[in-house]
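K.L.:
Sequence:
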Amino acid sequence: MIITAEKREVGSKVSRKLRREGKIPAVVYGYDFENKHVVVDKSELMAALRKSRRNDRFDLKVDGDETFRVIIKELQWHPVKDEVEHVDFYKLTEGKHVVVDVPVKIVGESKGVKLGGDLYQPRKRITVEALPDAIPNDIEIDVTNLMIGDVVHVFDLDMPEGVRVKSSKNYTVVAILGKAEEEKSEEEEEEAEEIAE
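Take the sequence shown: its position 34, counted from the start at 1, is 34 in the numbering used here, and no numbers get skipped.
Please note that the accuracy of each hint is not assured.
[Unchecked claim] The calculated lysine-lysine pairs, modelled on BS3-like cross-linking and capped at a C-alpha distance of 27 angstroms, are:
| hint | residue 1 | residue 2 |
| --- | --- | --- |
| 1 | K124 | K111 |
| 2 | K166 | K73 |
| 3 | K96 | K114 |
| 4 | K166 | K111 |
[Claimed, not checked] Ranges of calculated distance between the beta carbons of each label pair, as one might list FRET restraints:
| hint | residue 1 | residue 2 | range |
| --- | --- | --- | --- |
| 5 | E161 | L119 | 37 to 47 angstroms |
| 6 | E6 | D156 | 38 to 48 angstroms |
| 7 | P79 | D101 | 30 to 40 angstroms |
| 8 | D138 | E94 | 16 to 26 angstroms |
| 9 | E94 | R125 | 22 to 32 angstroms |
| 10 | K124 | D88 | 14 to 24 angstroms |
Hints listed in this document are in silico derivations from the structure and should not be mistaken for laboratory results.
Since the model is a prediction, treat every value here as computed from it, not as a measurement.
Beta carbons: idealized from backbone N, C-alpha and C, even for Gly.
Put together the whole structure using the sequences plus the hints.
P.N.:
Here it is, written out as structure tokens:
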């Protein structure tokens, strides 16, 4: 996917003017690369975001004569309006690793949840390091066989080839909390007996 950009002047006054004109200020940075301040068209950027997934690669074409392979490192949103105010593009360099946050994608329905447990997902993203072509869009966790009491830590995950975890490997990613229906019914019977007595 291609995103077009133009070089811009720096300053909050300039940025406010650009936003009023339907444009979004941005910066391009990367390994051994001098930062470039650019501006992108709001409509074009939002269309690209709707078609893409996190960590997708883009060709950022600046002033029609320079093209950089980038990922969107950060989007800064307006605190009240649902609008992007600034974009950080990270320029990818062949052979150089990049550190990115990768979303955790839950697939399947846990057996433990079917028994009355609750799926607890304290970690929505995992920080990893990878070469540009190895950056994953997400990390899938199949919870189908997880029972109540089962826990998945970062160290339990099978990372794609060429991807190394940078965050703590002891983090809990997913857990199935609660009591099984059988255990609940036994406790309810005991309570009923005590009341009857």
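K.L.:
None of the hints should be skipped; say for each whether it holds.
P.N.:
Against the structure, the hints come out as follows:
1. K124 with K111: At roughly 21 angstroms apart (the allowed maximum being 27 angstroms), K111 and K124 satisfy the hint.
2. K166 with K73: It holds: about 16 angstroms lies between the C-alpha atoms, which stays within 27 angstroms.
3. K96 with K114: violated (45 angstroms)
4. K166 with K111: Between K166 and K111 the Cα gap is close to 31 angstroms, so the pair fails against 27 angstroms, i.e. violated.
5. E161 with L119: 37 to 47 angstroms: violated (28 angstroms)
6. E6 with D156: 38 to 48 angstroms: holds (46 angstroms)
7. P79 with D101: 30 to 40 angstroms: violated (21 angstroms)
8. D138 with E94: 16 to 26 angstroms: Since D138 and E94 have Cβ atoms about 23 angstroms apart, the given range 16 to 26 angstroms holds.
9. E94 with R125: 22 to 32 angstroms: The hinted range 22 to 32 angstroms holds for E94 and R125, with Cβ atoms some 25 angstroms apart.
10. K124 with D88: 14 to 24 angstroms: Hint holds: Cβ distance 20 angstroms, inside 14 to 24 angstroms.
Of the numbered hints listed earlier, those contradicted by the structure are 3, 4, 5 and 7.
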